[in-house]
Amino acid sequence: MKGRGDEVEQALQAPTRRELAAALSRRARPLTLPEVSRLTRRLEQLDEPTRPLRVALVRTYTTELLRPYWRFEALLHGLMIALCEAPYGSLLEAVQPGSQLAAHAPEVTYFFLRWEDIEPEFTRHGVSPPAGDAAVTSALETLGAMLRAARRALPGRLVVTMLPRMSGPGLGIYDAMAAPSEADLRALLKRRLAASVRDELPAVSFDDLDILVEEVGRRTFFDPRLWHSARFPFSVAGAQAVVRQMMTYALLLKEPAAKVVVLDGDNTLWGGIVGEDGMDGIALGPEYPGSAYVAFQRRLLALRQRGLLLALCSRNNEADVRQLLAEHPHQLLRTEHFAALRVNWDSKPDNLRALAAELNLGLDSLVFVDDSAHECLAVRRALPQVTVVQTPTEPAELPGCLDGLARLEILTLTDEDRTRTALYAQERQRRARAAASDDVEQYLGSLEMVMTVGLDDVRQAARIAQLTQKTTQFNLTTRRYSEADIRRFAADPDWLVAHFALADVFGDSGVVGVALVRGLGDASAEIDTFLMSCRVIGRRAETAFLAHLLDVLAQRGVRAIQATYEPTARNALVREFWGAHGFSGGPQAFRLELATRGGGAGPPPIRIRQLAEAPAGSAA
Amino acid sequence: MGRDDFETVRELVALTFGVPAESITRDTAREDVPSWDSLGHLNLMLGLEDTFQITLTVDEIGRLSSVAAIIDYLQSAGAP
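Those protein sequence lines, which keep their order, are chains Z and L. 342 is the number that the working numbering gives to position 342 of the first sequence; each next residue is one higher, with no gaps. 8 is the number that the working numbering gives to position 8 of the second sequence; each next residue is one higher, with no gaps.
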């Protein structure tokens, strides 16, 4: 069996950064520090172009010994890290405007904190019940004040971590039975901290390092010698695990979001080759190795809760696979669980291009999973934007093989994310009906569409911000806003935040369109943002929404509208949008006098429902 | 065997501190290498543990501040 050293040797011979990273991607055991140094030196020798990554650290224990891992993990992903560590032990001072950290303009700020260092009762008693109930409130208030200050002073994302306990509970094995127990206390602190971060502060994540300790084991994670001599808690293995986890947040900022996991069939979702072994001959069921494939399918099903889509790309006769998906008793992923399927004898790169086109997504939002080294290499070479994962040869290792893949992690979760697969199933039904009817107007009318429009509705702030960040095609100006920005606009009397949701006989597409309008004074306004999810392209919703928006603005006394088209590589489809809707000017700056608008195509068959404006101060 | 130890230690010191291997001799001590600071020293000690499959105590970590001290330690501890 191949030793871990062979992976490192292979990586050191790799001619490109991507191939070096691929050679290491299967590493189950951590690298040694000399290996990290050698690999870093190799990456530096390859001298491929990098993008900068600005990171700041706030800490109550020393973090300097993490530096080799930061440099290595960043370089592995083509990033040159610029690290700024706040003066050791300074919390509130470090996160003030005008501080060294603020001047560094970090993209991500990591907080390496310890409960015992921020709350005197925990310093005295440890994180245990004798510290008293007031200690919980006090600790959370201290953290809350510091994080609020940090959120005001620092740009980018904040990631908060609390050091896991370095030794077992004082009561030993009895702690689990005690009331109250140390376990309860730690769980309570985590739960309250996570809730306050989630509900009160935008673009802040709480990362639970206890999960890493579960993976690696406390004895392996911590190095007491370094703790006592240098106040640095982590072993080489622990340090690596922590930095890899933290890099996940940076990667999610730097790389486009993954949206689809494209799966091979044979020897990936089931053992064997269905075309040769037949549906009854493949391994898929309660006995090993079939049980491993079932467990993998279950894990994939769960990925949909993150808002990820699944697609199937299998070189097989379509009839064989369709039958398997419909009839095999242990197949968990049925046809309706896939947003798209390509079962044919074309090449994988061609099929992936076709899948991306069908789903209206860029290739850079695909993660491709296949057992074949040959197929993986072909896709890596033909489509460098696609993340390629080769499944392990050992079936027992299959179910967990996508765990911890940074591109599949999420930073936020909206209701839209949870129901995304169902939305794609609905869209397939609409397309089937459209293909069956000759008259577009008749098809659209048969959908019985209802558009629900909301104005300055902060309850949708997260979804509205998500749309400004993710929509690339039907987007007139491609301005990206955070949830905090949207809330600010909604509260600002000079701005109007409008959104729409679209429903029809096949289902509710959810909130899919956004317009942000800024008053310019003297009865004129500028449309800062006008965008729509590609999910609802083709139903003329944009026309209905724009008409309604202009009505609303006219009612508010606006007489002249300015609008812009800012061309990008992806939004050519809306180049003529303003012109087609009665605006004059172009190719980039447009104007409309509201009194003189009219004409153009007849109104689309969409009924509009205007939500009553949410009362001021409604909870988000 | 002593010669092999020296070559391995020399390579590790060069790798850890980013200096040419030729600049490291049996007489090289911490003061001679600018980047052999307290941080770098800990990284060197961790590298020694992985390279020679040994475990050092906090005291030993503090003591092994020169190539000569490291070689002496490896030979007296009978590292394979």
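Everything labelled a hint here was simulated from the structure, so no lab data went into it. A virtual CB, placed ideally from N, CA and C, is assigned to each residue, including glycine. Some hints here could point you the wrong way.
[As the list claims (entries may be wrong)] Going by beta-carbon spacing under 10 Å, a handful of chain Z positions derived as facing chain L:
hint, residue
1, L65
2, T123
3, R124
[As the list claims (entries may be wrong)] Estimated spans, in silico, between C-beta atoms of each pair:
hint, chain 1, residue 1, chain 2, residue 2, range
4, L, R30, Z, G362, 49 to 59 Å
5, L, S65, Z, T220, 21 to 31 Å
6, L, A21, Z, R198, 48 to 58 Å
7, Z, A357, L, L39, 47 to 57 Å
8, L, P20, Z, T412, 41 to 51 Å
9, Z, E215, L, V58, 53 to 63 Å
10, L, G18, Z, L411, 43 to 53 Å
11, Z, W227, L, G18, 19 to 29 Å
12, L, G18, Z, Q469, 36 to 46 Å
13, L, E22, Z, D350, 46 to 56 Å
[Stated by the list, open to error] From chain Z, some residues computed to sit far from chain L (all C-beta separations above 10 Å):
hint, residue
14, L325
15, V343
16, T472
17, E576
Inset, instruction - Evaluate the given range 41 to 51 Å for the C-beta pair formed by P20 of chain L and T412 of chain Z. - result: Given a distance of about 49 Å, which is inside 41 to 51 Å, the answer is holds.
Legend entry - No chain L beta carbon within 10 Å of L325 of chain Z's: It holds; L325 of chain Z is separated from chain L by about 48 Å at its closest Cβ, greater than 10 Å.
Inset, instruction - Indicate whether the distance between the beta carbons of W227 of chain Z and G18 of chain L respects the range 19 to 29 Å. - result: 27 Å, holds
Inset, instruction - Would you check whether L65 of chain Z satisfies its interface hint, that is, whether its CB is within less than 10 Å of any CB in chain L? - result: This hint holds: L65 of chain Z lies near chain L, its Cβ roughly 6 Å from the closest one there, short of 10 Å.
Inset, instruction - Would you settle whether the hint for R124 of chain Z is holds or violated, based on the nearest Cβ-Cβ distance to chain L being less than 10 Å? - result: Because about 26 Å separates R124 of chain Z from the closest Cβ in chain L, which is outside the 10 Å limit, the hint is violated.
Inset, instruction - Could you check the hint for me, namely that G18 of chain L and L411 of chain Z are 43 to 53 Å apart, CB to CB? - result: 35 Å, violated
Legend entry - Range agreement (Cβ of R198 of chain Z with Cβ of A21 of chain L, hint 48 to 58 Å): Cβ of A21 of chain L to Cβ of R198 of chain Z: about 52 Å, so the range 48 to 58 Å holds.
Legend entry - V343 of chain Z remote from chain L - nearest C-beta pair above 10 Å: The claim stands: V343 of chain Z keeps its Cβ more than 10 Å from every Cβ of chain L (closest is about 48 Å).
Inset, instruction - Given the hint of 21 to 31 Å, check if S65 of chain L and T220 of chain Z actually sit that far apart at their C-beta atoms. - result: Check passed, 28 Å falls within 21 to 31 Å.
Legend entry - Outcome for the supplied range 49 to 59 Å, where the beta carbon pair is R30 of chain L and G362 of chain Z: 53 Å, holds
Legend entry - Reported absence of T472 of chain Z from the contact zone with chain L (all CB gaps over 10 Å): Holds, because the least Cβ-Cβ distance between T472 of chain Z and chain L comes to about 42 Å, which exceeds 10 Å.
Inset, instruction - Take a look at whether the Cβ-Cβ distance between G18 of chain L and Q469 of chain Z falls inside 36 to 46 Å. - result: 40 Å, holds
Consistency with the previously given hints fails for numbers 2, 3, 9, 10, ordered from lowest to highest.
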